[in-house]
Structures are given as structure tokens and as C-alpha cells.
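Visitor: Chains as they are written, first to last, in the working numbering: chain L, 4 to 358; chain B, 1353 to 1575.
One should not assume that every hint holds.
[What the hints assert, rightly or not] Okay, the calculated bits of chain L under chain B, using three or more residues with CB under 8 Å as the criterion:
no., region
1, 7-19
2, 112-119
3, 165-178
4, 263-274
Please keep in mind that the hints were generated in silico from the structure rather than gathered at the bench. The model shown is predicted, which means the values in this text are computed figures rather than measured ones. Every residue, glycine too, gets a C-beta built ideally from N, C-alpha and C.
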Amino acid sequence: MADKVLMKGNEAIAEAAIMAGCKFYFGYPITPQTEVAAYMAKRMPKIGGTFLQAESEIAAINMCIGVASTGKRVMTSSSSPGISLKEEGISYMAGCDLPALIVNVERGGPGLGGIQPSQSDYFQATRGGGHGDYHLFVVAPASVQEMVSLTAHAFNVAEKYRVPAMLLADGTLGQMMEPVSIEGITVEDHDKSWALTGTDCKRKHNIINSLSLLPEELEQWNLERYKRYEKIEENEPMWEEYMMDDADVCVVAFGIASRVSRNAIKAARAQGIKVGMIRPITLWPFPKKPLLAAADKVKSFVTVELNMGQMVEDVELATRCKRPILMANRVGGCIPTPEQVLAQIVEANKLGGAQ
Amino acid sequence: MDFKRLVLFAGHYGSGKTNIAVNIALDLKKEGKNVVIADLDIVNPYYRTKDSEAELAAAGIPLISSEYANSNVDVPALPQELYSLVDQKDRCGIIDIGGDDRGALALGRYAPFIREENNYEMLLVINKFRPLTPDAASTIEVMREIELAGGIPFTGIVNNSNLGRETTAEDVIASNAYAQELSAATGLPVRMTTAWDTIADEVAKVLPNVVPLHLQNKRLWND
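The following block holds chain B by itself, in its conformation from the complex (with noise of 0.2 Å):
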């Protein structure tokens, strides 16, 4: 699949941003791009882009990130080293935004480079097994207040409909007539639709554009 330059997902909080950000940014690299992945998350506590941080640095892919994620520091910080991904026009940037405008608000800062580069897609990442996002109407509520605080109309929709490990391909099917509804109340295209990869050919057999997903979270439990 094809990206412009800079590559950003944001959406309602836990519709499953950080994941899709390490997927692509993994399969971007294995299509020899030269990606770098970034952290603008300033709202969750846990479950961040640096709990990959290992895979991420194996795979040859630097990861920009606050120094104080997933660490007792309570703050909103954001690493200075974020400029170099408006300013090195070289290389891909997915960029990873925290959830909600609240999270959004911290890509206002960067919002007046990207746009002027122009070589970017704003992904709404949606799930619509998620309690507050059900429907396209409550879908776009969210979209809407995330462009008013980041500042970046979004170009793109991706459908991450799931029930964590319980997903069948089924739900993910069915949950296509909600991107679509949302696509058609929005203008925008669905880009893709993400899926568990023990789940995504078949999800493929029926959808275009299936991203398989590898469960990034570490857990110490099994059930």
C-alpha cells in the first residue's frame, strides 16, 4: 500500500492508533522505506508506542518518543526531537496522536508545517465495538472535535472495528457498513481496514485493503 510522506492516526482513545502505527511502520520498513515512528501521545499512562520499543529498534526503526513514557512522570511532554520529522524531508513519519482533541492538541503545534508540506494523510482510526463511537453520527462528533484541536482535516478512514482477542472475521465484515455509512456521511475513503492477522485473509476474502495486525501488547496473562 502506498503512504505520502507523513502518515498520522488519530481518533477516539483506545480505537487502536498505537497499534496500527507500529503495523505500518513495521511493513513500511520490510518494504525498505526509511521510517521513523513518533509518540505524540500526551493522554494514556500505559499501553504506548514504547512498549514496542524493542521490536521497533531490532527492526531498524528509530522511534521518537517522550523520555518520560511509560515511566512514574505524570506530565504532558513532548520530545524536542519531533521538529526533525517536519524538517527531514527524507524519510517516512508515522506519526502516532494521543486520543481524543485532548490528545489531538498536541499536533496543533506541527499542524502549519504539515500542511504546508502537503505530503501527509490524517487517518481516522474507528472501532465501532467501542461503547461511545457505535455509530457514524457519534463517529463523526469525535472526528470533528479532533480537526478543531489538531488542526489537520483528516483525508482517510480506517476501519479497526474489533473485540480484542474475541474478533472474528465476521464482526469485521459486518463492521464495513459502518465505515462505509461513515464514508459516505464524510467524504472520505475508507484507506483500509485492520484486522488480526489470524483473521485477515479471511477478512480479505470479502474487503479490499486488509492490513494484518500483530498484537503488540505485552501481557503477563493469558485469559
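The shape of chain L in the complex, shown without the other chains (with noise of 0.2 Å):
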């Protein structure tokens, strides 16, 4: 136990990211992620990085792109309301091939919404969330542990695929304390010749852009940027798989939703129903591979989402709509119950044919 600490989520990511080597962090406050920036803040003079609280969201983020620019590990966080903020500068980012983590510990929206915790911004998170065609590299922990391990990883394959990456958590996930082990870590090194160093009049200097003249250079920036996407798509899916060796019906769930499903499937199975889940660690790149070969297997699908019903449609999406899916939610800022999970999964096991 001993090398063990008690965390907040949100200390634990920004532990996990000065430990994976980011030496930035730009941020404004906002309910529930400030512990990032009050830890940050404690941090960074220690270990000789930078904390800044800058006048805004925008500006946070537009300082993020200015330290990718060359080369170094960068962070910001904030909660909903600031991630739609910073979009303008995410798309900028991504437009720019620029590798940094964004944070969002989401609340209940929309508009102001509340503080409480949430899954709302699904959409905006696995769709790119701003302007133009681009994807975010986006992990969704379910654990203070995984906050860590997935900071860390999220560090590394925007690097090596060049790309904004984002963590995608809830304010329970921030606000809950957990025993975690701050190792595993591992800092990849990939290559940066594209980063704003200094030439040293030796060589060609670099550009960090998003502008295009000439319509027939943007396209190419894009086809290109999409070829990086589809080894992402193929090469960086993650997922958990619970009990569905012998599942009729599959939960896809991802963070805090898991935690609750868990106990639901429990309950589930001490009533004789075969239930197992899909846990999504990756939402972009959607885990489609697995869902697509449960739906062969079981007859029926409930997804449970703190939103309206987001992830649903990528479960349909991954598993051509095969199988019946019912949905059991809660939103602005309501957790479901794994009794009301429990139901939804009861409810599924009456549907859909035997194989």
C-alpha cells in the first residue's frame, strides 16, 4: 500500500500529466475540474514548468497551440461551458496537426447548465466539436487509476499520430477520491522535425498553420490528415470487456455509467439474466469492432449515458442497428441507479430472438 496515494481525480490527471512530461498548463477555473489548475498551480513551480491562469478559456487554449507549436507537452481543462470556448482554438489546433490534451470534466448543460456531473458533450467530444472535418483522440477513464494511466496514453498517440487529444471524464470522476499508484508511466518519443525550434540558419525553417490559398492544398491537408485518422481507427480502439463470454445482453457503458452498470450487472446475473458489458475506453476511435461481433452473439443492447442518448447512435452505427438497444439515462447532472439500469436490462433480456 505503501506507494499508494489517496487522489481526486482531477489531481491525478494532473499528476499523470506532469509525470508524463508535460511541463504546461494553461487554464481558467471552472466547477467541477479546478482542482487541475489549483494542483498545477502547487506544482509547476516545483518542477520548473509553467502555470498560468490566463483572462480566459480562449485564451488558454490559444496559448496551448503556441507551446504544441514546438514540440513541448502542453495541457488545458475546464468543464463544458469553457470546453465550447476553446473550440475555435481546438479546431485551430487540429487544422495546425498540433498534439496536446485538452481536459474536460463535464457538467450539465446546456448553456450555463449546472455543476453536477455529466455526459452531455459526447457529440461535441467524438464528432471534433468545432469547425471543419477533424477528430480528437478521446479517452473516457471510469477510474481515478485510469485517469491516470489514460493521461499519460492520451500524451503519447497524440504525438505519434499528431493530433489534439482530449480526456473526457464527469465531475464525479473529478471530485471522487480514489487509491492510485502515480507508475506505468511511459514517455514516448516521436518524431518532431515539424516543431518551431529554431533553425539555427541550418536548415529550412518550419511552418504551424491552418491557412491554405489555394483550395487544391487544403483538400490534400485534409486527405492526408484522414489517412492519419484511419490508423488511428484501425490501430487505437480501446475497450473493456465484463463478463461477455456468455452474454444475451451486452450494457455499453463508458466511465462513471460502468461504475454503475457493474453493480447492475450483478443484481442481473443473481436473478439468472446472462449479462455482460462493453466498455468504450476510447470514444474516438469508436471500440465498432467488438460491438459488431456481440451483436452476432447477444440479442439485445442497452447503453446507459449521463445525456439524451449520444453514445446509442455509435452503438448503433458499430452494430448496423442488428439488435434492439434500450437506453437507461439521466441528465443534468443526475447519476443513473443501477436498480434503474437493472430494469432496462431485464426489459432487454425479453427482446429480440434466440440465435
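Two independent chains are provided; combine them into the complex using the hints.
Guide: See the structure below:
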């Protein structure tokens, strides 16, 4: 036990980022992610890093563009309304092919919404979020320990493919405390020959830019970027299967919803219902293959979400609507209860034909 | 365990103040004391004293808390009833102060009354397993910041070193060295050591003044 510490999810993200070599953090406070900034404010000066509370979310994301252009690891964090403000900068970042980590500890929306937990920024995170054709690499932790491992992983993947990455959590995960070990963090060494590091008059200068004056050139940039997205879709989907071996019903849930679902699945198993779960760990790329495979084995699906039904659309796409899909959801800062999920599992078990 | 009329719990955020405050209030009530608990937290959005509202009400303990606690209203508001704590001197008050110096700022407006009555203890809740307070030196840093912001000097230490549900009796016993080092450096006594009720008996075999805690946070998941 001695190597473990008791951390809030928000603190774990910050410490993991530092251990992953991130020495630059720019942010602006917003509940429920403020501890990320508070932790960075305490730690960065001690490790020779930079913590800067920007004058706004927009300023913070543009500062990230500056640091990312030099090839250094950089992070910003916010919660839902603040992420909306950052979206212009995130689109520019994608257009400039810059790696960086953006953390969204979601709260209820739309608008100012509330401060309680939510997963209602799923569409925003997985469809790009800003203008233009682009994707973020999106990871969704379900525990404080995963906040550590996925923060580090997101930095590596972002640099490998030169894409911005997003860690999508909800307020509960940000605020909850669990014992964690800050370990197993590897800092991969990827090509940075594109970075603005000064030429010393020895090489041609690099340009970081998202503006093209020629439509054909801009088209080529998009096509090249989508080749990298193809590789990400091929190589980087992550998911966890839970009690799926003999399952008739498949629950699909990520983040805090998957924690609640585990309780419901255990209760359903106790009633003799064969139910399991596929938990997407990456939301983009979405783990399509295991879901399509499950569609040939189970008779129905249940998605559990803290939104009005967003991930359910990806499940429909991935399974090509082969099986009926029910949903257990709450919104506005409320979390589905295990009883609510169990009720939908019981209903789903009545649906669909036997194989 | 005997306490002064007002017992204030402060410390680094996430050190366990709220849980201890609720447990001590319930203990004092069982001893027949006229107890009221106050939530002075203007920092935390989740996991507040208000989570234990039903349990406190069932025990007959009034809860003074911001009417906005656990709501979507993100303002650092304090309820007017808080002044009754310093005015009505016939009852015991357990006061849960928000994390760090920012949380302790709220205490400042009541500090002159509390110091004048001089029937209080201001307890520093510590947890060795929190990443920013792993040793005496870093804990003293947080402690001085809280004293500066809150305007009331600490009178004792509560060693609440824990790793959540994974805490073993050995973890708590081993953390005593850290608490003693802090005690020696500050001159403050270790007033009590807190531990989950499942391991408190084992800890009590080795350490004095062990207070068992029941987990107050309600969760929708087990693992």
C-alpha cells in the first residue's frame, strides 16, 4: 500500500500529466475541474514548469497552440461551457496538426447548465467539436487510476499521430477520491522535426499553420490528415469486456456510467440473466469491432449514459442496427441508479430472438 | 472524548474533514450533548456535509448549511444561521471548514467571536497519503496558510491518514510517525487518530485516542 496515494480524479490527471513530461499548463477555473488547475499551480513551480491562469478559456487554448508548436507537451482543462469556448482553438490545433491534451470534466448543460456530473458532451468530443473535418483522440476513464494511465497514453497517441487528444470525464470522476499509484507512465519519443525550435540558420524553417490559399492544397491537407485518422481507427481503439463470454444482453457504458452498470449487471446475474458489458475506453476511435462481433452473439443491447442518448448512435452504427437497443439514462447532473439500469436489462432480456 | 464547546475541523482539501465532522457530531449526540453541525465549505461542489442530511436529521442534529449546497448554484454562499453558533452558547458546535486557505477564508468573519469566547478547539485534519501533504514540512505549509486565512490558530492534530477503502490498520499505525513528527515540529498535540470502523479496534491496540469512522459518502457503485 505504501506506494499508493489518495487522490481526487482531477489531481490524478494533473500529476499524471506532469509525470508524462507535461511542463506547461494553461487554464481557467470552472467547477467541477478546478482542482486540476489548483494542483498545477502548486506543482508546476516546484518542477520548473509553467502554470498560467489565463484571462479566459480562449486565451488558454491559444497559449496551448503556442507551446504545442514548439513540440513540447502542453495541457489545458475545463468543464463543458469552458470547452465550448475553447472549440475554435481546438479546431485550429487540429488544422495545424498539433498534439496537445485537452481535459473536459463534464457538467450538465446546455448553456450554463449546472455543476453536477454529465456525459452530455459526447457528440462534441467525438465529432470534433469545432468547425471543419477533424477528430480528436478521445479517452474516457472510469476510475481515478485510469485518469493516470489514460492521461499519459493520450499524450503519447497525440504525438504519434500529431492530433489533439481529449480526456473526457464527468464531474463525479473529477471529484471522487480513490487510492492510486502513479506508475507505469512511459513517455514515447516521437518525431518532432516539424516543431518550431529555431533553425540556427542550418535548415529550412518550419511553418505551423492552418490557412491555405489554394483549395487543392487544403484538400490535400485534409486527405493526408484522414489517412492518419484511418491508422488511429485501425490501431488505437480501446475497450474492456466484462462478463461477455455467455452474455445474452450487452450493456454499453463508459466512465462513471460503467461503474453503476457493474452493480446492475451483478444484480441481473443473481436473477439468472446472462448480461455482460462492453466498456468503450476510447470514444474516438469508437470500439466498433467488438460491438459488431457482440451483435452476432447477443439478442439486445442497453446503453447507459448521462445524456439524452448520444453514444447510443455510435452503438447503432457499430452494430449496424442488428439488434434492439434500450437505454438507461439521466441528465441535468443526475446519475442513473443501478436499479434503473437493472430494469432496462430485464426489459432487454425479453427482446430479440434467440440465436 | 471531551471536547470544547466549538470544534472546528480544517485542513488540506480531501483530508477527510467532512466525514470526521459528521462522525464526531453523531458521537457527541449519542453522549446526550446538544449538538449542531455547520458546513462552512465554500469550495467543494460535491461530497459535502449535506450528503449526510438524512442521517443527521434522524439523529436529531441540526445541519447549518448553505441552501445552495449540492445544487447547481455555484456561489460561495454562507447561511445566516451560522451566527447562532457563536451566539447560542448552550450547545456544542461542530464546524466543517472548507479545504485549504481558500476554504478557511469563510471562517475569518466568525473568528473574532470564537476567539473572544475562547471555548473552542481548532483541529488540523491530516492525511499522509494525500499527494501534496506527504510529510511534516508540506503539511505545515498548508497549516500556516489556513491559519493566516481563517484567523484562528490550530490547537491540535487529527491524524486521518487513509487510502480510502483500501486502508489497512498497518497503514494507519505506520502514519503515526508522520503525525508525531508534525506534533513535535508545531507543538500541537495529536488529539486523535481516526480510522474506518472495520480497522479501528486493531489500530486502538497500538495507538491512543482512536475514533472509529463510518463511511458517509453514498455511492451508486461498489468497485
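Visitor: Would you mind marking each hint as holding or not holding in the structure?
Guide: Against the structure, the hints:
1. Coverage of the region 7-19 of chain L by chain B holds [criterion: at least 3 residues with CB-CB distance below 8 Å; count 7].
2. Remark: the region 112-119 of chain L is confirmed as covered by chain B, as 4 of its residues place a Cβ nearer than 8 Å to a Cβ of that chain, reaching the required three.
3. Coverage of a stretch by a chain is defined here by at least three residues with a beta carbon nearer than 8 Å to that chain's beta carbons; for the region 165-178 of chain L and chain B the count is 3, and the condition holds.
4. With 3 residues carrying a beta carbon less than 8 Å from a beta carbon of chain B, the region 263-274 of chain L meets the three-residue requirement, and the given coverage holds.
Every hint from the earlier list agrees with this structure, and none is contradicted.
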